[in-house]
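Student: In order, the protein sequences belong to chains W and G.
Taking this note's numbering, the leading residue of the first sequence gets 1, the next gets one more, and so forth.
Taking this note's numbering, the leading residue of the second sequence gets 1, the next gets one more, and so forth.
Do not take every clue at face value.
Stated by the list, open to error - Facing chain G, according to a computed beta carbon distance under 10 Å, are these residues of chain W, among others:
| hint | residue |
| --- | --- |
| 1 | R33 |
| 2 | M176 |
| 3 | A191 |
| 4 | A211 |
| 5 | I214 |
| 6 | W225 |
| 7 | I236 |
| 8 | R240 |
| 9 | F255 |
| 10 | F259 |
| 11 | P261 |
| 12 | D266 |
| 13 | V278 |
| 14 | G283 |
| 15 | L284 |
Said to hold, decoys possible - So the derived label-pair ranges between C-beta atoms look like this:
| hint | chain 1 | residue 1 | chain 2 | residue 2 | range |
| --- | --- | --- | --- | --- | --- |
| 16 | G | V197 | W | D135 | 54 to 60 Å |
| 17 | W | L132 | G | R278 | 55 to 61 Å |
| 18 | W | G183 | G | V197 | 33 to 39 Å |
| 19 | W | R128 | G | R159 | 56 to 62 Å |
| 20 | W | V63 | G | R238 | 37 to 43 Å |
| 21 | W | A74 | G | R278 | 54 to 60 Å |
| 22 | G | L287 | W | W174 | 37 to 43 Å |
| 23 | G | V117 | W | W174 | 27 to 33 Å |
| 24 | W | H178 | G | L290 | 21 to 27 Å |
| 25 | G | L274 | W | N187 | 34 to 40 Å |
Read the hints as simulated data drawn from the structure, not as lab findings.
Quick caveat, the model's predicted, so the values are computed rather than measured.
We put the beta carbon where it would ideally sit given N, CA and C, even for glycine.
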Amino acid sequence: MSYLLQQAINALQLGSVYALIALGYSMVYGVLRLINFAHGDIFMVGAFLGFFAAAVMKWPFVVTLLFSMVATAALGVTIERVAYRPLRAAPRVSAVITALGVGLFLEHFTLATVGAQPRQIPRMIPLRFYPLPGDIGFSSTQAVIFGIAIVLMLALDLFVNHTLTGTAMRAISWDMRHLPLMGVPVNRIIALTFAIGSGLAAAGGILVGLAYPIIDPYMGILVGWKAFVAAVVGGIGSVRGAMIGGYILAATEVFVAAFLPSTYRDFVAFSLLLLLLVFRPTGLLGRAWAQKV
Amino acid sequence: MGTEGLNTIRRLGPWVAAAVLLAFLQFVLPLLPVNAYHVQVLMYVGINIMLTASLNLVNGYMGEFSVGHAGFMAVGAYVSAVVMLWWVPRSLWGALFPVALLAGGVGASLVGLLVAVPSFRTRGDYLAIVTLALNMIVKSAIENIEAVGGPRGLPGIGRLTTPAWVYFWVLATLGVLRHFIYSRFGRGVAAIREDEVAAEILGINTRQVKMQAFLLAAFFAGVAGGLYAHLIQFINPRSFDIIKSTEILVMVYLGGVASLAGSVVGAATYTVLLEALRFLGLWRWVLAPLLLVLLMILRPRGILGYREFRPFIPARERAIQARALVAHAGAGGRGAPVASPASAAGAPSQGSQSAEVEG
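Work out the full structure, taking the sequences as your base and the hints as a guide.
Tutor: Here it is as structure tokens:
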């Protein structure tokens, strides 16, 4: 029993990271209908900027986090401006392929500039262990990861659902064509969406750096795909769905790894995903887009 | 008499030329002092053409978004390699190579069925997830099968892939796909791309069409995997991961969707470009994606999207389109013109369907 609970705490840690990255996927998908395949690599860049801030500049944790989030948000906005905006009227797949290209570029540019050897982010938070009743406990790292993730997600949820800008964001996902008629600055809102999504991915990158300090230029690929899966499980385009999906995916992975040889982790997680999609084709909180007839 | 002879030549000419080239590749090329590296690159191009053209059937012609093509390739590679290594004595390797390739293709098709079924209910981006998951599942499953080496890979495969075999299979892929695309089946595929609900109402059995398209695409990906395995002589699960699938996607959209010519051009351009940039070392991987992004911004439909070269359109189809053109001109030519054969499939919402109506 205590083993189960301990695994649940581990799942919360991993799920927080997946959820933060899945949010970026989901938000961008919501406004542009674009699967931003570069998102995992934006997360990777965020982690490397964190490494730069913490290991080279020796900045404290909070400064590192803020620096990485702001810089990565700027990167996200730049990518949108340079690579995606010219394609807004083009067939949707061209933008998807562009996103794949941007992702490959980020990976290999990082590889070419910082090298292939994995880097280690220095420990930014003193490691402490807090025991809980019943033979379990959590570490200071886990507490920080979970705490930051929850704060960011709550803030985002409030922002999207209770501010005018958030309303505009949701309106874009509803009908982008007629929105300028209502005086909504569509381009600015979309740029903001990319900024927020990328910033959250960078936060995810820093938090991953806390929990699993080894980072390398290819780390974004698998995590990115998994975050995409999480976004889909929750219903892509839905902010709350992305959070739930992140935690579900992490829980599946952690518990499979706990009871089966860990090599079965991806196999079982993705098989479950297939089953889910057969029964709920639009994810848990997703809505079906209107079919034209 | 003279025209009849000319017609016979026209009909049989391509076949004879293909056979001569095949014989040349099989028997004469090995005797020539050609650069082995160039031959190898050429074989890569051929295998990539098969992968690209088969994925184009699903992504381009049918308008679904399948992203896990390397999964089918993996199944084909492993099945064909295992058939040869476990059940065929070494002395019969050369003779039974085609059988092993077919087995690989059939194996991949069976796995393709697993994707086809969820595709009845999910579409577009959700199908992307299904195929992605399948790619991961295949890779993960192979990693857990100790008998084929698990994550370490499967060594000792014979080098049986020759330029002649690659050439033969590329022709077979393009030929079969061309035949299907311009058949009743292909009209159904295009109708699904345009509007699945309307296609259903028109009486197209969309389930059956999707099933066939996935089977066909997976089959050729499987054969391509078999050729790849017997060219590289060593396969491991990591050769068939998402990165490989991404590469195939890039080739499809680089060349252009819904175009066999585009598949050939895309696969050849991408493969040769990456080889040509080899001198840049790591930086070629920085430059190549930039070129891709630039190309997408300048030509969002890819190099040859929705366009076809003449040899990739059957004569029967050209006649149909010519007649449609005349009919339009006769009717005042105000409707959407199905212009030249060059724009065979036309803009996505006109060409192929109006050709069907007129035909």
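Student: All the hints need checking, so say for each whether the structure fits it.
Tutor: Here's how the hints hold up against the structure:
| no. | hint | verdict |
| --- | --- | --- |
| 1 | R33 | holds, 8 Å |
| 2 | M176 | violated, 17 Å |
| 3 | A191 | violated, 18 Å |
| 4 | A211 | violated, 23 Å |
| 5 | I214 | violated, 19 Å |
| 6 | W225 | holds, 6 Å |
| 7 | I236 | holds, 6 Å |
| 8 | R240 | violated, 18 Å |
| 9 | F255 | violated, 16 Å |
| 10 | F259 | violated, 15 Å |
| 11 | P261 | holds, 8 Å |
| 12 | D266 | holds, 4 Å |
| 13 | V278 | holds, 5 Å |
| 14 | G283 | holds, 8 Å |
| 15 | L284 | violated, 13 Å |
| 16 | G:V197 / W:D135: 54 to 60 Å | holds, 57 Å |
| 17 | W:L132 / G:R278: 55 to 61 Å | holds, 56 Å |
| 18 | W:G183 / G:V197: 33 to 39 Å | holds, 35 Å |
| 19 | W:R128 / G:R159: 56 to 62 Å | holds, 58 Å |
| 20 | W:V63 / G:R238: 37 to 43 Å | holds, 38 Å |
| 21 | W:A74 / G:R278: 54 to 60 Å | violated, 34 Å |
| 22 | G:L287 / W:W174: 37 to 43 Å | holds, 40 Å |
| 23 | G:V117 / W:W174: 27 to 33 Å | holds, 32 Å |
| 24 | W:H178 / G:L290: 21 to 27 Å | violated, 35 Å |
| 25 | G:L274 / W:N187: 34 to 40 Å | holds, 35 Å |
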